[in-house]
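Please build the complete structure, drawing on both the sequences and the hints.
Protein chains: 2
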Amino acid sequence: MKAQAGTIVIIGAGKVATALAQSLSAGRKIVQVYSHSAAHAKELGNVLKCAYTNDLKKIIPTADIYIIAVKDDAIEKVASILRLKDKTVVHTSGSVDVKVLKKVSDNYGVLYPLQTFSAGGKLKAEVPFCIEASGSVVKKQLSALVKELGGKAYDINSGQRAQLHLAAVFANNFTNHIFAAAYNLMTEAGMPFDILLPLIEETIRKLKKTNPALNQTGPAVRNDRETIKKHTQLLKNNPQYLALYQLMTKSIQQTSRYAAKKF
Amino acid sequence: MKAQAGTIVIIGAGKVATALAQSLSAGRKIVQVYSHSAAHAKELGNVLKCAYTNDLKKIIPTADIYIIAVKDDAIEKVASILRLKDKTVVHTSGSVDVKVLKKVSDNYGVLYPLQTFSAGGKLKAEVPFCIEASGSVVKKQLSALVKELGGKAYDINSGQRAQLHLAAVFANNFTNHIFAAAYNLMTEAGMPFDILLPLIEETIRKLKKTNPALNQTGPAVRNDRETIKKHTQLLKNNPQYLALYQLMTKSIQQTSRYAAKKF
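Chains as they are written, first to last, in the numbering used here: chain U, 1 to 263; chain L, 1 to 263.
Because the hints were derived from the structure by calculation, they are not lab data.
Treat the hints with caution; some may be incorrect.
[Said to hold, decoys possible] Simulated pairs of lysine-lysine, DSBU-like, Cα-Cα distance not exceeding 35 Å:
no.	chain 1	residue 1	chain 2	residue 2
1	L	230	U	124
2	U	152	L	230
3	U	15	U	77
4	U	229	L	206
5	U	58	U	77
6	L	49	U	15
Structure below.
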């Protein structure tokens, strides 16, 4: 099988692989998909109308771009088997160093979309993509891919990307957990969570304008001990939320003391 | 001075008092404002073109509704001095029990707007108001006020309101602090916080549809030890954020174990 110019092999058949594959423009030919699961490989291959395999040694060696979108801890294993000379090989991980691809090809990089994917979910418009490239050719290819995908490219090196991934865990996963706690506190007392939504939207609106530390409100930053005491009392039978409350309160006060010292 | 039907006295001249006063419809006459600061009383009185005082004993006794919008810990002091028989007296606090107003009047209640107010800020459209009333007359009056203010009324008793206030601290203040941490992590590594905004908006969008616990993603809920180890390593010189990371991770895993057991 001879690969066309701009042809792509997708390695992986999970949420990210599927979303990327389905969002690539019609002009771009996906020639093969790989999954370690034969069933998943076949399924995605059929959707994309392309070849599929569950054997890394049967990856077509003549495509132009190889996108490795497997689980973070499987990237190294994939990289240890693939040998693609000077083909462009990229992974899509937020937390894996670009260097793991050095042995696979002379031309390598990262194409990391900052989006939470659900099963069957597609790529959203203007998704930020962190790109990193071993050289100008790969960089050009990745910029073109991001453009085709309707995303927004940011040049982010591996050190930055690791920190970005950490920041995203705070901004996304941790806040979601806090929202879940608020949801439970509301439900527990027979109130609809909806009451809190306008307040949450206001917090997000302000977030877009300035450093959130400057918008900090609430009993912790005011050092309103009476209210903190009441809240602590309300949580006395909930050690999980009490621990969150106490640490968050301490941390807010720590930041505000630091800010007071600094400015 | 004879008060008109539907007349209001505003006790307090802070952010909440000012926003409520300025948002009340023209049909509603504010006859007096009070602040413990003579200057603030005069300033708001001039804006509203009404009488003002800094002496609780000079509060006009003949208005229809008295809105106490002073700091939480000052409400009790105000209530210990005011005696208004059967006039409607309400406070605007999220965390103070309605009962503190029992001695002030036979008709009392709470009118608690769930909005973070900035100085000079106005009331937003469709702000949720938690209302609580000693009886049906007060309840009718408060419902009418909320309608005039363009808000949305929820019947919330004092026990619920205490829990709501706690939930709002989680949903608003704690998440803001977490966003501030993410902001710092980004800035520290020379990246614009904007990269994270689409992800944050996606989290909020999902939040509106379902219990956030069902949307939990990230290394903690996946028990992705490698990534957690990397993140912990990145935070080794930042004990404040490390403590947040570790507790949040533990708490997410606790919730997910609980959910797994339950369903």
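Please write out, lowest number first, the hints stated earlier that are contradicted by the structure.
Going through the list in order, the structure violates hint 6 alone and respects the others.
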